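Going down the list, the sequences are from chains A and B.
Numbers in the working numbering are just positions in the first sequence, counted from 1, shifted up by 6.
Numbers in the working numbering are just positions in the second sequence, counted from 1, shifted up by 1452.
These are computed hints drawn from the structure, not numbers from a lab.
Don't take each hint at face value.
[To be verified] PhoX-like mimics (lysine-lysine), calculated; alpha carbons at most 25 angstroms apart, straight line:
| id | chain 1 | residue 1 | chain 2 | residue 2 |
| --- | --- | --- | --- | --- |
| 1 | A | 207 | B | 1497 |
| 2 | B | 1524 | A | 37 |
| 3 | B | 1496 | A | 207 |
| 4 | B | 1484 | A | 79 |
| 5 | B | 1484 | B | 1456 |
Computed from a predicted model, the values in this text were never measured in an experiment.
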Amino acid sequence: MGSPKVNLVPPTPLPSQVVKDDEPILVSAAKSGDIGAFETLVGRYERKIFRLTNNITQNKEDAEDAMQEAFLKAFEHLGEFQGNSRFYTWLVRIAVNQALMKLRRRRPNQVSLDEEIDTGEDTIPREVEDWGPSPEERYEQTEMGHILSGVIGELDPSFRVVFQLRDIEELSTEETAEALGLSIPAVKSRLLRARLKLRQKLNRYFQRGGNS
Amino acid sequence: MKCKGLFAELADYLDEMLDPALRVEIEEHLAKCKNCRVVVNTTKKTIEIFCNSEPVALPEDTRQRLHSALEKRLRRVQA
Chain A
7 MGSPKVNLVP PTPLPSQVVK DDEPILVSAA KSGDIGAFET LVGRYERKIF RLTNNITQNK
67 EDAEDAMQEA FLKAFEHLGE FQGNSRFYTW LVRIAVNQAL MKLRRRRPNQ VSLDEEIDTG
127 EDTIPREVED WGPSPEERYE QTEMGHILSG VIGELDPSFR VVFQLRDIEE LSTEETAEAL
187 GLSIPAVKSR LLRARLKLRQ KLNRYFQRGG NS
Chain B
1453 MKCKGLFAEL ADYLDEMLDP ALRVEIEEHL AKCKNCRVVV NTTKKTIEIF CNSEPVALPE
1513 DTRQRLHSAL EKRLRRVQA
């Protein structure tokens, strides 16, 4: 008998919410060795996982390697997934670890998530111009993707990773703290600083009368 | 409440985790202070833009390499 056929599913459009009703069924089937079910999960999340690894590593080659390793590890360790959280949350944690390993390898002295950092919380930004109602509509979707990825890349990795998990992957503060080995106050303070820094960086694209 | 007080509570305010009395104090300050209002509005908008952003399509060669790597490894696991 030949090798089992791997069902390569085409990528499917994703709604903003990643939770789908059939996810537990697919996970259960994949746990029983149904490769097609696992491939369906891969097809569902590959774009989001690639965005995550790309945002963290800021390097296409590392992002691709980290994504591949994340999916392979997920399949190999699927038996350990207890179903206490969403499958996607579990997958995100694996992908974050792979991406951080790549980042640390490339910048060994610059990436330490657990050291105390000055989040500058006493500094109050000064603004005079608002952005208007829908500033993002000034840009095409692909262009917006590049803008968002670019401004995230300008953040320090210890802010970038927290923001990615909380505000893009929509993990809770507790899940983010657990995934990164940080305290809850550290997650909160880095998240606020990341949000304020990103807001400031987006000013140049979105401010009324800005460089758009 | 002053601007500094607002920023001390901003993280929980943005995540809607403040107790109602404190939230009212913040909103009263925001009604009076244009600077804080602009910063808070644009920060909320920043979160919304990132949260609602859809990932762009995976480059086709990247996708093919992913599925080819998966196919190889999954076959090995099943063998």
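Hint check:
1. A:207 with B:1497: 13 angstroms, holds
2. B:1524 with A:37: Answer holds: residue 1524 of chain B to residue 37 of chain A is near 18 angstroms, not above 25 angstroms.
3. B:1496 with A:207: With Cα atoms ~14 angstroms apart, residue 1496 of chain B and residue 207 of chain A stay inside 25 angstroms; holds.
4. B:1484 with A:79: Violated, because 53 angstroms separates the two Cα atoms, which is more than 25 angstroms.
5. B:1484 with B:1456: It holds: about 14 angstroms lies between the C-alpha atoms, which stays within 25 angstroms.
When the structure is compared with the earlier hints, a violation turns up for hint 4 alone.
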